[in-house]
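Participant: Residues per chain are reported as follows:
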Amino acid sequence: MSAPRVPRATLARVFWRCLFLQAAWNRRGMQNLGFAYAIDPALRALYPEPARREEALARHLGFFNCHPYMAAAIVGGAIHHEERVAAGAEPGAQPARYKQTLQGPLAALGDGFFWTALRPFFGALAALGALLAGWPAIVAAILVYNAIHLWLRVRLFLAGYAKGDGVVGEIARLGLPVAADRLRAAGSALCGIAAALVIAAAAGQGGIPAGALTALAALAGLAALTHGARLFPAAYAAALFGAAVAAAAGRLHGVG
Amino acid sequence: MVYLVLALVAGLAAVERKGFLQAMLSRPIALGPLVGWALGDLNGGLFVAAPLELFWLGAVNLGAALPVHEALGATAITGGAVLAGRALGTGVAPEIAVLAVLLCAPIALLGRRADRLVEAWNERLALHAEAALAHHELRAAVRVNLMGLVLPFGIAAALAPAGAALAASVVPAVLRAVPGAAAPLRLGFFAFAGLACASGAKALRAKDSPRIFVTALGVALVAAFAAGRLHA
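So the sequences go chain by chain: A and B.
For the first sequence, the numbering used here begins at 530 and goes up steadily by one.
For the second sequence, the numbering used here begins at 61 and goes up steadily by one.
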């Protein structure tokens, strides 16, 4: 008897459902409901008998938490292992073991690359683009971000499915930590350029003193935030300080 | 009608932000122009989008930690600024934008509290799924996941228009009552935008982020000065 395989259309359906991984994120099982929802079409294809399907679904309703993009690799890998379980080549506990082993490291990798590097970089790029060229720059930045993110998500899913445990080597080859460092540095530079444009705009509206005050807000704000100041109070302080200084200067010049 | 549109955009953004896709469509940089366009003032939305994106660049969902609800805050601020600008007949000006930020930014904090409620509600969904599985109702156990999208949608759809309505009524009233406040507030906006850029650099957590930020700022300023963008 040949090993059961999940049809390609079903794999596509599982990938689509991966996009809902965090729909019901909860403190009890975190992404457990999302994982079970995503993998369910594959389980239905692999286990025609209700009892075996229920057993399989139960193991995927257990605790799971990972970065939502990186989780695609684990969903693909879990299907890889479920195929082997369905064929009798592995014990039923193997898919859960695979998930437990990979979820932590991939979560850390995904948070470090996607959430604190790639997305903020494109956010800063889009913001700078908006200041320079308006909405088309935003659309372009978001399109490029999603081309990269969806390509990686699909690639990780397929690599997980094809290689199972071997997906680790595939992910290592992507060199995400090195790329993340570069994106963070580049993003910081984009923020600096955006600050210069804001200062130039302020100077254009209110003269050199307005530009200088905006520069002070940027530099003092950076120093304060770097030393642990909280974001919201800092924002209120900057806006109100700017307005107060402008009001005082206006009074001094008799135009307030 | 405008509040209905705002509710719909806010609700969908709240869903995209965590429950589905996460393709940057609920980031302030995307929501600003989208809300502005939906309310008939694309440029007004665009005006606030960049500072809000940089201000909330660090609002990311790391592990079980909950960030502020930047999508909710951005929708309320943009909606409020556009509607206040329309009421005043000026469009979104810096003094309007900064007042909208000061009034509506706390809604992002309120959104974080609401997210905790959502998590507690989802815990009940998880128990429901386990119970369904125990009763051999596999389809019900699986489908319950999608129920988790309802509450974030509803909360954002209620809070964002409320925040925008607050700004749309308070901002014109303040600027009509104290016309002299417009000029100082304008500078307040630029100071906020300057801080937002710093917040973006801080959020990126690069090893040398402050140095890179200051160097880039200096080089760009010199370049802008050379290009004649600064008035001597």
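Among the clues, some could well be false.
[To be verified] Here are a few chain A residues that face chain B, going by a calculated C-beta distance under 7 angstroms:
#1 A538
#2 P649
#3 V673
#4 R713
[Unchecked claim] Computed far set for chain B versus chain A, every beta-carbon distance over 12 angstroms:
#5 V65
#6 P127
#7 G149
#8 A256
Worth flagging that the hints you see were computed from the coordinates, not collected in a lab.
Beta carbons: idealized from backbone N, C-alpha and C, even for Gly.
Participant: Against the structure shown, which of the earlier numbered hints fail to hold, in ascending order?
Facilitator: Result: hints 1, 3, 6, 8 break, sorted rising.
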